[in-house]
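Sequence lines, in order, name chains A and B.
Going by our numbering, the first residue of the first sequence is number 1, and it counts up by one from there.
Going by our numbering, the first residue of the second sequence is number 1, and it counts up by one from there.
These aren't lab readings, by the way, just hints derived from the structure by calculation.
Derived pair list, reagent style DSSO-like, types lysine-lysine, alpha-carbon separation capped at 30 Å:
(1) LYS265(A) / LYS336(A)
(2) LYS474(A) / LYS60(B)
(3) LYS385(A) / LYS575(A)
(4) LYS60(B) / LYS336(A)
(5) LYS474(A) / LYS265(A)
(6) LYS60(B) / LYS265(A)
So, partial list: chain B residues that the calculated Cβ filter (under 8 Å) puts toward chain A:
(7) LEU12
(8) LEU35
(9) PHE64
(10) ASP65
(11) GLY69
(12) LYS70
(13) ASP74
Pair by pair, the computed Cβ-Cβ distance ranges are:
(14) ARG114(A) / ALA30(B): 18 to 24 Å
(15) PRO165(A) / PRO82(B): 53 to 59 Å
(16) LEU137(A) / LEU25(B): 26 to 32 Å
(17) ARG29(B) / LEU476(A): 56 to 62 Å
(18) ASP73(B) / THR335(A): 28 to 34 Å
(19) TRP481(A) / ASP73(B): 22 to 28 Å
Virtual Cβ for every residue (Gly too), placed ideally from N, Cα, C.
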Amino acid sequence: MPDLGRAALVTSFLLLVYALVVGSFAAWKGRKRLAVSAQNALLASFAATLVAAVVLFAALARHDFSFQYVADHTSRELPLGYTLTAFWGGQEGSLLLWLLVLTGYAVVAVLTGRRAGRDVLAWVVPVLGLVGTFFSLLLVFVASPFSTQAAAADGAGLNPSLQNPYMAIHPPMLYLGYVGLTIPFAFAMGALLARRTDERWIVATRRWTLAAWAFLGVGQLLGAHWAYVEIGWGGYYAWDPVENAALMPWLAATAFLHSVMIQEKRGMLKVWNVLLVVLAFGLSLFGTFLTRSGIIQSIHSFTQSSIGPWFLGFICLITAGSLVLIFARLPLLRTKTRLESLVSREATFLYNNLLLVALALTILWGVVYPILSEAFTGQAASVSKPYYNFFLKSFGLPLLILMGIGPLVAWRRASLRALGRTFLWPLAVSIGAGAGLLALGAGSSLIGVIAYTFAVFVLASIALEFARGTSARKALGDTGWLEAFSSLVARNRRRYGGYVVHASVVLLAIGITGSSLYGTTREARLRPGQSMTVADHRLVFRGYETTLESNHRSIRALVDVYRGEKYLGRYKPGKNQYFAEDQVSNEVSIRHDLLTGGDLFLIADQVNSDGSIDLKALQEPLVNLIWFAGLVFVGGALIALWPDAREQRRLAERYAGATVRV
Amino acid sequence: MTVVALVVGAALAVACVVLVALPFLREPRARNDRLARPDELEQRRLALAEERDRSLEALKELEFDHRTGKISDDDYRELVGPLRRRAAEALRALDLRAEHTVEAPTPDQAQARG
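Pulled out of the complex, with its shape left as it was, chain B reads as follows (with noise of 0.2 Å):
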């Protein structure tokens, strides 16, 4: 038993060693060994994308509550203008983006490339 304790105890330390060196051992010489992390760019891109989806889904369910009764007329009237603006400026503001940066992959874009 204590023979198989000693391999097990071994085999463990020099796996688990191992794996924690394993991506100094893949590349010694990283040539870009940087963490991704999105500037201010990329940070305002995703902002809009929730802001976008937000206004998306809100219209959704504002539709669905004015279907089953929730919402009256008179509030989906008032309600449904100024979601639709947001979407759409959200929505343009991201294609405006997207046609500056068609080129340019966000970092973890790049990062997923390698």
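The following block holds chain A by itself, in its conformation from the complex (with noise of 0.2 Å):
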């Protein structure tokens, strides 16, 4: 079976090698048969490459150890769940399950993308064809899933940390998104290089665009999520250098999403918009080489590996690559559009897209700095939280009021008279809800008033949006409140699933502003029966109990949990011990209140031998905030992906060339 696997990376390879070298001789000499052909190429690599995939899961469910990665990320043990997704437990698995989700990808672009043009269209395989070979080559020369072995009694192991729910979902999802941001960046070098200088690549990577990016968010939102149940400190981001990776390349998406916009409302930006996508698509690679190379050292980073100059060099070919391909096509970007006023929607976008790229390359900058240093000086500096929540300040701050500014300034110009009248409202109920904060005593954090305030008045705009939104179209002749409101939506789903996943960012930022500022934190030493309190919570320890389950020993604290005189609950932080990976991991124990939207969170940081615990104790107010803001976040991404019929039609009118009526 392992030759089978060799054998499918080997044909996958060469067909990628077949859509770049034959797809691009086609593309330039303009053959119509043989840019089918190489398309044709394209679509066959997925085949060839889902055939591999199918040879690993085979290999990791019937625990062949002679497969040299199912012995390293598996073990007999293992219950099934955790031993499929050890697919991309390791470095070999996540790289074919990148090149499986990018060849899969590119299947459905080739398939949907003729609205970009047959021209476009050919230059796009090659494009792809780049991309994945580069993958494939790895793949086949560096880093294969199938090298193989005397077959082993049993196997070392899944780290367990990755012995989590989570595992089947978090790196699926960022991986479509990470690999997504492929799409965008084919169609935006095919159309440079077919000198293409009309919005069809815009048009037919709209959704692939807003996929990637929702896909990346939910991605990170999950690991969030992973991080703050399972790796027991009580937080759910740690600036850690790969969770930045992720977080890089959404940040740049999220810039492109609206200065997109830009390009197709008022035909700007053509330059600025190509940047954005290869920042995105370079800062997706960049993510992936910190991820697998393990030039850092992180909770997901895989040990040192060969890969990282490979991955290095890629990166530098992109980047160059495509900055003197747009370098070239520079007299074919420009526009004579101007910005008409500092005091417009396009501004205020502008705005948005200068402080999401800084808040990315500040990151970018905390990512990197501590490898250059260590390259340079041979010394390992470290960037540490206080430089990021500094910048995330910084820059969060005035990027959460202009989400709130934006809806409520009118596209072109805004005079001071009209700005009164629609700031009004906003202003109003944010100032009054900022004094309630304080008089409520609030004002311990200064940034965390200000935060609140900045976030009720995006809250406000955003209802105030919708309000008056639904009273123009009633006013047009809808003929009830629930008809005009739907009509509102269904007639522009961008704009208005915007605002949704905008109430989605002010939710997060609350949770944020809550369990980071106004948390409260106790660590305490205790023998069965004795207590400690945190915030209006007491806990009594009474004792430990202890499991043996197949693959691990675990052993919980078990604490009784009250709030005055009323009885909460039992609740019970602990440790497991695995056999097999020969690991210890924490195992903490939540108290969600859905009514105050806060957690009591513990954590047995140290089980000792004379039957004491150190127990740690978190109260983080509005902490689920954060998780419900995923949930609002893929309710506003499904609303603007949602396919519009009428936008359809009127895009079908304009690419076949046939005439509108007025």
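Using the hints, put the two chains back together into the complex; each one sits in its own frame.
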């Protein structure tokens, strides 16, 4: 079977090289049959990669320890679910997942991308072929998941942190996002190579960008929740370089999603948009490089490996090649349209773009500085939380308020009188909320009060937008309020889906502010029967219980929780000792309070041999809003992604060359 | 298992070769093997169509912003004229072009028709 896996990967590699070389020649010389042949090679590479993936899944399911990958990442006692998710638990498997998703996306993009124009599509194929060639080359020559060995009696097992249900969904979601950014990149480069100045590539990739961005966003939130419930330190985001690696392309893609609207509505920012696409794709490659190369110490990183220089070389090639191409096409990309006013919707989008890119680049600097420092001075410098928190506040708070300002300002220009009218209610509500929060004692953190006040301003402006829009639709003839509301959203899904996403970001900001600035932490060594308090909770330690599972032994502290005299339940933080992996994991216990949105978070820091426990308890106000924000985010993304028949007809008319009725 | 692997591997290789060669198997001697590329006229038409849609969309946005109070009456009056003119110019240019090229399909249309 490993031979079949290897043969399938070699086949995929050859097909992708064919798509790259023959596709480039066909697009350059304008040969139709060769171009279709290269497209077909891309389609066939998916089938070949799928066969390789099935072989690896089968080897994992059968505990075939003659596969080195299976022996390194699973064991006989590992539950089947985690055995299968070990597919992406190691370097070689996750590279195979990259290639599988890429070739799968390429199939859909080629089959549905004709709207971009056949000449553009002819260039998209070799660009996708280039990216695919790189990953298949790594899998065939550098990091094969099909290396074999004399079959071991048992495997080394899977890192205990990866033995969590989120392992089944978090990495695939991130991959769908990372790899998805390849498609807008390929179409943007295809349009430049084909010397096309129209916006067909944007129309063809609009949903791709949105979907990749949504997957990346959801993937990060799932990862944050995983860290929260599994890693056992009480937080959800540690500014770990690999966490940052997913955040950076998401920020760049967010900037692109906003600025591309300016290009569609005003015909401006063509160069900037192409640069953002390159930046987002480059950062997604860089994120994969950080995770796979082992260049940094991180919970996500795999062991030191030989693929680092390959990745670095490929990132340099892609970045340099794209920039040279953009420079060569500058005369085609220049536009005459200029910003009419600094107080307009497009201007707020521009400010938001500058802040998003600045935030992405400062995070990038924080990630690469320790690497560069070690490379040049031999000493590893560390960039810690205060650095990131400073820039998050400096760029994040203006970004938050811009989300409220943007919807209230008209396109092109806005007069002071109109601004006064539209800003009145959101300003009044937010100032009232800020004053109320100060009166309630939230002034212990100035940043917290500012963030909450801004959040209320944004929510008020979004609510006002929906209310005014619905009212305007009703005035235009929709009979009922509900009909007017649904017609408002249906007629501009991207705008109103976007507002729902903005609301989710506000919920996220409220959750982060509450849990990070208003939380309480207490630690104590307790003997059975002793108690401690955290915020308004009293915790009584009753002793331990131990259980034996198939692949680990668990020990749990029994902690009774009271609020005043009211008994709230028994919670069981503890530790698991994994046999095959010879590792111990922290298993936290969390009491969710759905009414307040807060959590009581218990960590058994140390299980002592004298029967006592070092217990850490955190009160995290509003933290559940972060996870609720994820649901709202998905809802908003789905509204924005939902097909709009009216727009489809309009685009079909535009690109079919038919005239429209006025 | 080895036999299954061999059969699957061979079938995969043959299917891939056939798929890649398909355009040449279907049309060994193609009458037209040129990849459709929009000429300058077609590029201009596309630019006009995009300009038309952009202007019409901007007019709708302006109308809506005016209704929801984001645009003052003065700004509305000042902005609506140029937008209408731009939309009308793009429509006129497209109509003229359509009259002249009514019998000549665009390269994409021609290719779609085979």
